[in-house]
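Enquirer: Heads up, the sequence shown is in our numbering, so the first residue is 66 and it goes up one at a time.
I should point out that these hints are in silico values taken from the structure, not numbers from a laboratory. Fair warning: this is a prediction, and the values are worked out from it, not measured in the lab. Some hints here could point you the wrong way.
Below 30 Å or equal to it, Euclidean Cα-Cα: the simulated DSBU-like pairs (lysine-lysine) are [to be verified]:
1. K90 <-> K80
2. K186 <-> K80
3. K189 <-> K112
4. K102 <-> K112
5. K122 <-> K108
6. K186 <-> K132
7. K122 <-> K86
8. K90 <-> K122
9. K102 <-> K90
10. K183 <-> K122
11. K186 <-> K108
12. K122 <-> K80
13. K140 <-> K90
14. K112 <-> K140
15. K140 <-> K80
Ranges of calculated distance between the beta carbons of each label pair, as one might list FRET restraints [what the hints assert, rightly or not]:
16. K122 <-> S159: 26 to 32 Å
17. Y124 <-> V166: 36 to 42 Å
18. P93 <-> E154: 18 to 24 Å
Backbone N, C-alpha and C define an ideal beta-carbon position, used for all residues, glycine too.
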Amino acid sequence: MPYRREKWKFLLEWKLVEENKWVGKVGPSNFVIVAIKPLENGKYELKYTDAPLNEVKGYEIVDIANKYGVSLDNKELITLRVFDDYYHEYEWISICDNRDVLIQELVGGTSFDINLLKDLKEPKDRSLFPSIQTMFMTFGTTVMAIWLTYLPTRLRMK
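The whole structure should be built from the sequences, with the hints applied where relevant.
Expert: So this is what it looks like as structure tokens:
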């Protein structure tokens, strides 16, 4: 059985449709979506869903195509728009503590080709995600500096 699963993995045609969002083509109108979002502290949000486009009503597909200006021939982008923007449904969403856990989730739970992670866009500096604690510390330090600057001036005035 594992051989069949491995063989099935290679039958998928994966396409990077948007930044950090891939669509795999399983059949003429059956797709799977993998979306990865880098989070603070080296964590990742992994979203996965099966996306059977053949179960979506034709008028919904046309509405999405018109709304986003997408060609009806671009099935992968239409699929992403329908299931990501229109239905907002994923089969599962996982928060991975680091890249290794992300890879384990992808290998163990999806048919995603991990070689495609070379296209994963990550922030150049993870410190672009300031934590709440850091923001409060910075705010507190600023307030304290202003207070210490102001206090001696106030005391001299009396």
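Enquirer: Evaluate each hint against the coordinates.
Expert: Comparing the hints with the structure gives:
1. A hinted pair counts as satisfied when its Cα atoms are at most 30 Å apart, and K90 with K80 qualifies at roughly 8 Å.
2. At roughly 15 Å between alpha-carbon atoms, K186 and K80 fall within 30 Å of each other, so this suggested pair holds.
3. Our distance criterion of 30 Å between C-alpha atoms is met by K189 and K112, whose separation comes to about 22 Å.
4. For the hint linking K102 to K112, the alpha-carbon distance of about 8 Å falls within 30 Å, and the restraint holds.
5. For the hint pairing K122 with K108, the CA-to-CA distance comes to about 36 Å; that exceeds 30 Å, so the pair is violated.
6. For a cut-off of 30 Å, the pair hint linking K186 to K132 stands: about 26 Å separates their Cα positions.
7. Of the supplied pair hints, the one linking K122 and K86 holds, its CA atoms being roughly 23 Å apart against a limit of 30 Å.
8. Annotation: proposed proximity of K90 to K122 holds, straight-line Cα distance about 19 Å (limit 30 Å).
9. Distance restraint check for K102 and K90: the Cα-Cα separation of roughly 21 Å lies within the 30 Å cut-off, and the hinted pair is therefore satisfied.
10. For the given pair, K183 sits about 35 Å from K122 by alpha-carbon distance, which is inconsistent with the 30 Å threshold.
11. At most 30 Å may separate the alpha-carbon atoms for a hinted pair to count; K186 and K108 meet this at roughly 13 Å.
12. For the given pair, K122 sits about 23 Å from K80 by alpha-carbon distance, which is consistent with the 30 Å threshold.
13. A threshold of 30 Å between alpha carbons decides the hint, and for K140 with K90 the separation of about 9 Å falls inside it, so the pair holds.
14. A distance of roughly 19 Å separates the Cα atoms of K112 and K140; the hinted pair therefore holds under the 30 Å criterion.
15. In summary, the hint linking K140 to K80 is supported, as the alpha carbons are separated by about 11 Å, within the 30 Å threshold.
16. In this structure, K122 and S159 meet the distance hint of 26 to 32 Å, their C-beta atoms being roughly 30 Å apart.
17. Range check, Y124 to V166: about 41 Å between beta-carbon atoms, so the 36 to 42 Å window is met.
18. Our hint of 18 to 24 Å for P93 and E154 holds, since their Cβ atoms are close to 22 Å apart.
Of the hints listed earlier, those the structure fails to meet are numbers 5 and 10, in rising order.
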